[in-house]
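Below, each chain spelled out in residue letters.
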Amino acid sequence: MTRALRAAVALTVLLLSAGGGQAATPRDALVMAWNLDALITFDPPQIGELNGNDIIVGNVCSTLVQYDPKDTSRIIPGTAESWSSSPDGLTLTFKLRSDLKFPDGTPATAEDAAWSLQRAVLLGYFSSSTLTQWGFNKDQIADQIQATDANTVVLKLSKPYPAALLLSAAFANSNVAVILSKAAGLKNAKTIDGKSDLGNAFFKTGPVCVGPYHVTRWDANDVVVLERNENFFGPKPGLRRVIIRHVPESSAQRLLLEKGDVDVARLLNTDDLKALEANKDIHIEQTLMQRMTYMSLNTTNDPILGNPKVREAFRYLIDYDGLANTILPYKGVPRADLVPAGAFGALDRKEGQPFSLDLAKAKQLLTEAGYPDGFSKKMILSANDINPAIAQHVATNAAKVGIKLELEQMADANLFTRGRNRDFEVQLIEWQAQYPDADAMVSRHATNPDARPEAKLVGYPVWRTGWQSTDINTKAEAARLEQDPQKRAAIYKEIQQYMMHNGPMAYIFQTIRPIAVRTSVKDFVIAPFSVDYSSASK
Amino acid sequence: MMNASFRLWLTADVTTTPWQARLQRAYFGWRRLCGNRLTMLGLAVLLFLVMVAALAPLIAPEGYDAQSLADRLAAPSAAHWFGTDDLGRDVLARMVYGTRVTLMIACLVAVIAAPLGLLVGTAAGYFGGWVDTVLMRINDVFLSFPGLILALGFVAALGPGIRNSVIAIALTAWPPIARLARAETLTLRNADYIAAVRIQGGSALRIILHHVVPMCLPSVVVRITLAMAGIIITAAGLGFLGLGAQPPMPEWGSMLSSGRAHLSGAWWISAVPGIAIVMTSLAFNLLGDGLRDVLDPRSDS
Amino acid sequence: MHLSILKAVARQASSVSTTLLGLLALTFFMGRMLPIDPVLSIVGDQADQSTYDMVHRQLGLDKPLYVQFFLYIRSMLSGDFGNALFTGHRVADDLMKVFPATVELATFAIIIGVGIGVPLGIVAAVYRGSVIDHFARVVGLLGYSSPAFWLGLMGLILFYATLGWVGGPGRLDVGFMDSVGTHTGFTTIDALWEGDMEVFWNAVSHLVLPGSILGYGSMAYISRMTRSFMLEQMAQEYIVAARVKGLSGWAVIRRHAFRNILVQLVTVIALAYAFLLEGAVLTETVFAWPGFGHYLVAGLLAGDMNAVLACVLIVGIIFVGLNLITDLLYRLLDPRTR
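First to last, the sequence lines map onto chains A, B and C.
Going by this note's numbering, the first residue of the first sequence is number 1, and it counts up by one from there.
Going by this note's numbering, the first residue of the second sequence is number 539, and it counts up by one from there.
Going by this note's numbering, the first residue of the third sequence is number 840, and it counts up by one from there.
A couple of the hints might just be wrong.
Unchecked claim - One-sided excerpt, in silico: chain B residues whose CB lies under 8 Å from chain A:
id: 1; residue: Asp-603
id: 2; residue: Gln-605
id: 3; residue: Leu-607
id: 4; residue: Arg-610
id: 5; residue: Asp-624
id: 6; residue: Leu-625
id: 7; residue: Pro-698
id: 8; residue: Gly-780
id: 9; residue: Gln-784
id: 10; residue: Pro-785
id: 11; residue: Pro-786
id: 12; residue: Gly-803
To be verified - Result set (BS3-like, lysine-lysine): computed pairs, CA atoms no more than 25 Å apart in a straight line:
id: 13; chain 1: C; residue 1: Lys-902; chain 2: A; residue 2: Lys-195
id: 14; chain 1: A; residue 1: Lys-138; chain 2: A; residue 2: Lys-204
id: 15; chain 1: A; residue 1: Lys-138; chain 2: A; residue 2: Lys-195
id: 16; chain 1: A; residue 1: Lys-190; chain 2: C; residue 2: Lys-902
id: 17; chain 1: A; residue 1: Lys-456; chain 2: A; residue 2: Lys-378
id: 18; chain 1: A; residue 1: Lys-280; chain 2: A; residue 2: Lys-538
id: 19; chain 1: A; residue 1: Lys-400; chain 2: A; residue 2: Lys-361
id: 20; chain 1: A; residue 1: Lys-350; chain 2: A; residue 2: Lys-475
id: 21; chain 1: A; residue 1: Lys-456; chain 2: C; residue 2: Lys-902
Rather than coming from a laboratory, the hints here were simulated on the basis of the structure.
This one's a predicted model, so the numbers in the text were calculated from it and none came from an experiment.
Just so you know, even glycine gets a beta-carbon here, dropped at the ideal spot from N, CA and C.
Just chain A, with the same shape it has in the complex (with noise of 0.2 Å):
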């Protein structure tokens, strides 16, 4: 709703320019105009939203590992120059390179990289998670990750789960396996509730970490400023600041970037796009997002949606061609399976999308089912963007064949409040990836270890449907612990096929993230989950 409000005006600027030339962007600057209203804080283990991690993960903070930005599929090095993992697959070892360093050119060791990883644990937030699923925990963090020498640290797993998957899951581009100054953290830390804070509130306005760029100012809503380190281990970042500007609307951002009062516009709407396509001076560069959007079906004590055929009705009510041609160009690729393209072990993009609009179809499967003359439930859905245009489309195609589904848009905070609470009918949400894995969406769509309401795994969006296959946690799990490749990806498209005519939910697209630059900006490397500020030069 809140991103509603800020695309307030969208506008054409059919003018000459009003107040003359405008003075161009700075030479040594990468300007960019972009929303900052979600961001509170830049420690990194507490971001929870994707700018704070565009910002912050690899441009101030570089990670252990990264992805190849021009294969998702590749880890190469970051701060850590090599890893290994012993035989018996229970521990994982990274060798740190030994010119690393904070901004302020103090060296940074592996007791820094072990004490940050411990931390993002003993936070508890968020992020901790991306550790925790993979047996880490607060008791035994001290134990399980260690610095044993000034470049080493050793993690103790408790399960041989494959270095690959590890890696991708939970060090490649993470916020958790950054190098945060722990001298800098403990000198700065706040007491609260007898417990120290570890730092969070000191880098809450900017992190002391080894990386391109640093935090030099922040004023919310207003600007984000970040300077060059001189002492950063890699290529020496083409710009010497980047300045990030909040501004709300796609019409402002637009106006800018045509002027060059802006170098990169990050939040443009269809219309203002579609306009730019045709400007010679603006490049637009599309990239699929690892991020879903889908309707959730909750089957708690629901005979009607409880039904598998009922579930698979819905995918007919979908107008998937029909959607891409008119409604999704800029925002999103249509898509019915769980896994994001372009994650290890997705269904490419045939297999992965084999429903059209079929109200036939969705009629015979609803009366077979049992509901011959339909029924009627209740969708909510966040106001954001496109998404009610979606809802609508469906609730048309629905009433079709008898089903009458009653919209409720709501804020944000609102719509996971009832998901998480179990109190919904149908809700249309959509989910982030954390990695290109096909774990990462079977892990929390289709992995389901505890269906009762007691259990309130509220971090899984397929807990909050109720639905549970005993089958399909055997299998997921079986996948994770799978050193073979080309078995895992095997298991992994066996789970998919299931999922998507069985379960819970309904895919209905999978989110594009449009960026657009103007040419006089050179290099700059836009790959799905790193934006590299560092790369670009002018």
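Starting from the structure of chain A, add chains B and C where the hints point.
Here is chains B and C on its own, set in the frame of chain A:
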């Protein structure tokens, strides 16, 4: 036009029954109202809107949710007089059904706020003492907020939707009515005829309902009509923020809001509902002004 | 005389504080009813139950309601309004930043409202029933009947996009954002302070459209009240007497009628100024003006109790305070009401 003897009876100088007196007053008031051209204009616009709302299924048989993705954002043309919106729905059809929504909100708010305000105000004025103090304190608390902000707060607390926004707006509309009713009651409280009824054994409730309230009615009617203009705008404001009627219900404020993302290409989606809101609000203002001149000429002219 | 005024003030003060307390309680409990969960705004949807519980405790939401209310009152009295969830900063600091923006807008609007409204009202009263009177009435009525947010949108399309006469959303063009420091928080005054005329004119170009739209509403109200006050005055006997003495029409207006309505007019203008706070809420949203109204709406939609409570309190104080001052002014200056 009228039967000659009926007209004589209506315009007689001396009335013989209370009913005749009331009818006469109404008749003369109506005559004065008719003389005011602007007021008649307002009344005509409102009647037009009521007609449109009633005849909606005839004017727009396809309903307000007939989507056609291929036709989205079409400019006004012979096929679509007001163009289409971002889902290909005919804007005229949605406007017509939206009239129902707007009028319904207006009526519901009036029906809730006026009796509530009357009751609280007359009770406070009649009983006085601590009843008065307590009721007026509560009144002050509500009054010290600008209407929109209070309504925003209530809707945010109750959750979005037409029912809750009606409740929220009604909660912001009753305080001025109560204040007004109390002022009127205070002047009446010590009137002779009230004392007479009390001596005869009339209970407080009877006195208030049968004698005090009818005297307050004219000014309350005027006040509510004038307040309608603001109520329509507040309701549109709530809809604009997404807190009012939920899609696909065609409420004018939310239609305005959904057109914001297309102002460059498809300005009609936002322009048309706005014009309708202005028209309706203006009509209530004109009617209210005229009613005030007839019913309550003491207040400022 | 002084004792009676003091007594009146004391009585007013006590009634004002009970009203304020009631206001606070109303907002507080309304806010706790907010179905928007502030914890989720912080931790996000992917957080598991233990993270959620931890932040819930950190925000103090596990204590009983009346305890929370009491703690809130206590911290508020010392000027600490808590932290705003959606900006991460102290609400008090946020408010200091956003208030000047709204005051700048409101002041511009009031200048238009008074500058046009008062003369219009006077002329309409003097030439009662004429074309000007009707014109003023219609213009005023339109002002009451038009939603400011819609006028804002239409204004932007016409004057910004198509004609390019005014600046767009926001207080300054992005290129100018850092050019002047913050001395008063009023971009126009700050620009003048530093002598940067380019920034000054840019700020004005952004102020013109939202300010005029808000000013339109004020103008409608002010001109109507001015007209009715003047009509009251002109019906008085002393005006007739002055005319008989031979004073010209306008001299009479200037020297007598206008002077006599000044007190009432000032209170009306003060009220209009306060009502601009309400108009600002949606106007600031449309024009992305980083002021008080925008802050309130953002806080409301984020379920940010601290921000909403503080804003509501401020609005309440302003209104109640204004009513108090108006009452006192009347008592002091108008001998008839003593």
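Each hint, compared with the structure:
1. For Asp-603(B), the interface hint holds, since its Cβ comes within 8 Å of a Cβ in chain A; the closest pair sits about 6 Å apart.
2. The closest approach between the C-beta of Gln-605(B) and any C-beta of chain A is roughly 5 Å, which is under the 8 Å cut-off, so the hint is satisfied.
3. This hint holds: Leu-607(B) has a C-beta 4 Å from the nearest C-beta of chain A, less than the 8 Å allowed.
4. With a least beta-carbon distance of about 6 Å to chain A, the hint placing Arg-610(B) at the interface is held under the 8 Å criterion.
5. Interface hint status for Asp-624(B): upheld, as the beta-carbon distance to the closest one in chain A is roughly 6 Å, under 8 Å.
6. Nearest Cβ of chain A to the Cβ of Leu-625(B): about 6 Å, under the 8 Å cut. The hint holds.
7. Checking Pro-698(B) against chain A by beta carbon gives a least distance of about 6 Å; that is within 8 Å, so the hint holds.
8. The interface hint given for Gly-780(B) holds, since its Cβ lies 5 Å from the closest Cβ of chain A, which is under the 8 Å cut-off.
9. Satisfaction of the interface hint for Gln-784(B) is found here, the shortest Cβ-Cβ separation to chain A being roughly 5 Å, below the 8 Å cut-off.
10. At a threshold of 8 Å, the smallest CB-CB gap from Pro-785(B) to chain A is about 5 Å, leaving the interface hint in force.
11. Interface hint status for Pro-786(B): upheld, as the beta-carbon distance to the closest one in chain A is roughly 5 Å, under 8 Å.
12. For Gly-803(B), the interface hint holds, the least distance from its beta-carbon to any beta-carbon of chain A being 6 Å, beneath 8 Å.
13. The straight-line distance between the Cα atoms of Lys-902(C) and Lys-195(A) is roughly 20 Å, inside the 25 Å bound, and the hint therefore holds.
14. Our distance criterion of 25 Å between C-alpha atoms is met by Lys-138(A) and Lys-204(A), whose separation comes to about 22 Å.
15. As the CA atoms of Lys-138(A) and Lys-195(A) are separated by approximately 14 Å, the hinted pair is consistent with the 25 Å bound.
16. For the suggested pair Lys-190(A) and Lys-902(C), the alpha carbons sit about 23 Å apart, so the restraint of at most 25 Å is met.
17. About 23 Å separates the Cα atoms of Lys-456(A) and Lys-378(A), which keeps this hinted pair within 25 Å; it holds.
18. For the suggested pair Lys-280(A) and Lys-538(A), the alpha carbons sit about 17 Å apart, so the restraint of at most 25 Å is met.
19. A C-alpha spacing of about 12 Å is found between Lys-400(A) and Lys-361(A), which places the hinted pair at or below 25 Å, so the restraint holds.
20. For the proposed pair Lys-350(A) and Lys-475(A), the alpha carbon gap of about 24 Å is at most 25 Å, so the pair holds.
21. Using a Cα cut-off of 25 Å, the hinted pair Lys-456(A) and Lys-902(C) holds, with the two alpha carbons roughly 22 Å apart.
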